[in-house]
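Trainee: Single-letter residue listing:
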Amino acid sequence: METILFKNEHLAIGNFGQIAVVIAVFSALFSAIAYAFSTNAKYKDLLNFGRLFFIVQSIAVFAVFITLFSIIQNHYYEYHYAYKHSSNDLPIYYMISCFWEGQEGSFLLWMFWHVVLGLILMKSAKTWEAPVLAIVALAQVVLGSMLMGIHVGDIKIGSSPFILLREHSPEALLIPMLEKIGRANYLQIYKDGNGLNPLLQNYWMVIHPPTLFLGFAATIVPFAYAFAGLWTKRIKEWTIPALPWALVAVLVLGTGIIMGGYWAYESLTFGGYWAWDPVENASLMPWLLIITALHLLLINKSTGKYPVLTMVLTIFSFFMVLYATFLTRSGVLGNASVHSFTDLGLSGQLLLFLFLFIALTFALSFKKQKHAALFFGVVFIILMLLVFWPFNTSMVTVSIIGSVILLISTIWFISNLFNLHASGLENDKAYSRELWMLIGSMVLLLSGLHIITQTSIPVFNKLFNTSRAPRGEDYYNLWQMPFAVMVVFLTGIGQFFKYKNSDAKKFWEPVLTALLISVMLSVGALYLFKLWDIKYLLLLIGGIFAIVANTHYIRVVLKGKIKLAGASIAHAGFGLMMVGILVSSVNKKILSDNSRGQGFFAEKTEDGKVDQVSIKNNKENILLAKGRPIRLANNTLEATYQKSKEVAPNKYFEVSYKFFDEKGAVKDSFVLQPNSQNNPKMGLVNNPDTRHFLTRDIFTHITFESGLERVEEQNFDHFKTDTVGIGGVFVTEDGTRQLTFNNINVIEASKDLKTLHLQAEIIVNSLGDTFIARPEFISEDRIRIKESIINEAGIMVIMDRIIQDENDERNMKFIITTATRRPKIDYIILKAIEFPYINLLWGGTLIMIFGFTLSIFQRFKEAKRRRLVE
Amino acid sequence: MNQENNNIEVNPTAFKKTKGFKPIYLIILVVISISLAIGISFYGDTSKYVCFAEADEIAKDRPNLQLHVVTTLNKTKGEVYNPQQDPNYYEFYASDTTGNERKVIYYNAKPQDMERTDKVVLIGYSRNGYFEARDILKKCPSKYEKK
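From first to last, the protein sequence lines are chains A and B.
Residue numbers for the first sequence, in the working numbering: 672 to 1541.
Residue numbers for the second sequence, in the working numbering: 1329 to 1475.
Just so you know, these hints were derived from the structure itself, not from any lab.
Given the structure is predicted, the values throughout are model-derived calculations rather than measurements.
Ideal Cβ placement from N, Cα and C applies to all residues, glycine included.
Some hints could be false.
[Stated by the list, open to error] Below 16 Å or equal to it, Euclidean Cα-Cα: the simulated EDC-like pairs (lysine to aspartate or glutamate) are: (1) K1259(A) x E1180(A); (2) K1403(B) x D1441(B); (3) K1466(B) x E1443(B); (4) K1495(A) x D1414(B); (5) K1466(B) x D948(A); (6) K1259(A) x D1145(A); (7) K1314(A) x D1145(A); (8) K1350(B) x E1097(A); (9) K1405(B) x E1385(B).
[As the list claims (entries may be wrong)] Distance windows between CB atoms, simulated: (10) V1318(A) x E1443(B): 15 to 25 Å; (11) Q859(A) x G1427(B): 28 to 38 Å; (12) A1381(B) x K1338(A): 34 to 44 Å; (13) N1428(B) x F1521(A): 54 to 64 Å; (14) V1337(A) x T1426(B): 15 to 25 Å; (15) I1418(A) x T1400(B): 29 to 39 Å; (16) G1427(B) x P1351(A): 42 to 52 Å; (17) S1361(B) x V1337(A): 53 to 63 Å; (18) E1443(B) x K1206(A): 36 to 46 Å.
With the rest of the complex left out, here is chain A (with noise of 0.2 Å):
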């Protein structure tokens, strides 16, 4: 093949990033191996080596990062990346979210948290700086490889951001209109790229992933720290600098999770803001898991209880980021999840990414380097074997020996780790803190672990070869209830426990108060709320004894010293969220119910029962024709679609809603502008509108409009003649329109009458709606006639003839056909939705976040202080 020389390329810059990436990869790998050294005593020196290389690693991570945000804000379109997720007409901002996009850009995102977080870790971690940092090193070492995009083989590490756009798709070049200016000046073609998604195109996507990454990143800290107790054997100090850090990444990634949730309630069209998708439960996984562990470090760092279950929880919560990135990353979530992904054939990395960790966190735990070295070496290479499997044996007798060799490693890990400790089960008296929150811990953990095992169905379906399907929103629901009213009522009480014993009078006086006020409050609630399924009165009065509990304990234990309330306002704000998250979801009510239609009722089973199924049919869209209005939800609200109007490239419809109190005055009057975006590249995306009142938000979006009907024209049908006068009145053939003969107008009429041109005025009804026909009679050389069509009614009248009364002229009957077809109005299918007081559920975010936040700064000087002291 000729080589051609292709014209306005920019190949430098992507040079340029791919020798960035490769430097990243080795100066990371090189800083791994000199700061494990550097652990040793002997090799003490190598420290600084360690440290040169991270930072010349960080340099070329930035330098990865800015070439390839360039890329994509110079518009070079001749990178794949770029053409795949951006356009000419995207803001800046949307620029940064179409760089984290792609899978390539996310992995990009989360080695800089890793790098801001290791050189702040060189700045203050001190001792522990060696075995910490090059854990984070490694951790650049196999993220890094995931942007290499080098073939070996046939084997690809990595997919590179900077491949070009004809190196990844070679038909690029081979369209027809290359033919006549060439190839060599494809760029004159491809001068715009695929754009970024609508309904990534919103603020929350520029701050949700950023945020998701930097919690998924911080989890590397407390594990980092229980991995160099194990290595260097300081198997009871890690947990005091891990504690801070485990609250800075339940903080963010909490914080990154409910982005990710008002994200979808502001943008997507599924009417919520939890779904319980895989992807979703992939972000919450780690999180029950680091919060268990941030639980058990403190108790750990109060009484030295549990220091297994404290590491096993630290270590397990960074391997859940691990897990959670193969599930959602390698494709084998498949037809599970809404969330399609691109399998970039990175799984095998993915896993040999969590294998690695496992195998050397599991080696760590013997006590000779020997038998370290020997299950390492044994483990991995067996792991690795499994999964690139070369041989031709079932996938399911695999996939049963690596499941039990994980399960041996575990427990061994876990046994090893009790030997380490000399550690037993402990005692705890019944009345003491660290008992109460090991419960609190335990429900978390065993909550995490239902939604671990339900979300991995599509990885069991693949490794034994089953075809159980995902389980829906209300199996999560049914099952995560329980726990969650467990959780509140926890919080509530365990802050008034002591470490290790307290007087049972000074807890049960201020809990039985709380108590006390929360049932009384409930009640209060119960009426506010509306809510009056018993099923849900635990969760209720749970979440206010939460709140109730929380602030007493401020209150009167702390007398109200906010720095140290963290944990306090935490629990308070989790209880507002249980409250918030019950009633909007209880309570959400479709506005947009249409009781219309077919299969609204139930249908019979055979055996003449009520199928109960049949009744549950989804009838949550209305027709809203333009300009009339529509009265829904028993009378209390009118909807009207106003108009729509074009603002490329999205079309708003203008929708006016009018709710009105019980004697029928109007009480809101508000317009939505729900829009949906025909994006050429990406087909049709529907944006929502939501009103946010105090008390409840008003969401619609549409799923449907007029504009996207693609009937061909559709033949008149149903012909009818009738024969009127004036003042005549008739309906067409179906009966559906009824038609009066109003009057006939002369348009033009020589005094011969050889010219006759009439004109009728015809008034139709037609669906309450009224319009007027004007079929025309031409009568000069020859006859001819003119019908009418009014397509909003779907009518056409013709005048065929007209018949003159012998006896009298005045008195004229007039031949009318009629045909009809189905009108072409213009309307819009609406969804509305109401969420009644959803805005407990962010102010209870909020305050959690404070909390957490309280807290960190709190931790964080403590630990100081304690390094300090020692």
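Go by the hints and put chain B onto chain A.
Mentor: For chain B alone, coordinates are given in the frame of chain A:
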């Protein structure tokens, strides 16, 4: 070697130190039993990926069990969505992985982007002569990648 021996000896003393009831045992017991319950629920009454023929079989005994069918849309057969008549009635044809074709009814608005989709996962119930979808998961190549 010595160190190891020491540790093994420490363990039993931790058990011996206290007598009588330990709340921790209760916690372990409860945690294990709930874990078991989670495990059992995993194998319990779960929805399955099936083909239409299997769905018919299952529906005979358990009409209320939600089923998942991986299908390919049959676009030549045409679809019915007349929002003016009923905005909550959408009908189309789809074939399962065995090539079996079935009429599908979705009592909801026509999902956006059906034209651009080939494969959909139907979640719902096998009825007399048709499949009632409660949910349609689309897999368009162009759909966004979250994260």
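Trainee: Evaluate each hint against the coordinates.
Mentor: These are the hints, each one checked on the structure:
| no. | hint | verdict |
| --- | --- | --- |
| 1 | K1259(A) x E1180(A) | 38 Å, violated |
| 2 | K1403(B) x D1441(B) | 13 Å, holds |
| 3 | K1466(B) x E1443(B) | 11 Å, holds |
| 4 | K1495(A) x D1414(B) | 15 Å, holds |
| 5 | K1466(B) x D948(A) | 14 Å, holds |
| 6 | K1259(A) x D1145(A) | 15 Å, holds |
| 7 | K1314(A) x D1145(A) | 38 Å, violated |
| 8 | K1350(B) x E1097(A) | 8 Å, holds |
| 9 | K1405(B) x E1385(B) | 25 Å, violated |
| 10 | V1318(A) x E1443(B): 15 to 25 Å | 24 Å, holds |
| 11 | Q859(A) x G1427(B): 28 to 38 Å | 45 Å, violated |
| 12 | A1381(B) x K1338(A): 34 to 44 Å | 54 Å, violated |
| 13 | N1428(B) x F1521(A): 54 to 64 Å | 57 Å, holds |
| 14 | V1337(A) x T1426(B): 15 to 25 Å | 57 Å, violated |
| 15 | I1418(A) x T1400(B): 29 to 39 Å | 59 Å, violated |
| 16 | G1427(B) x P1351(A): 42 to 52 Å | 33 Å, violated |
| 17 | S1361(B) x V1337(A): 53 to 63 Å | 57 Å, holds |
| 18 | E1443(B) x K1206(A): 36 to 46 Å | 42 Å, holds |
The structure does not agree with the numbered hints 1, 7, 9, 11, 12, 14, 15 and 16 stated previously, though it agrees with the rest.
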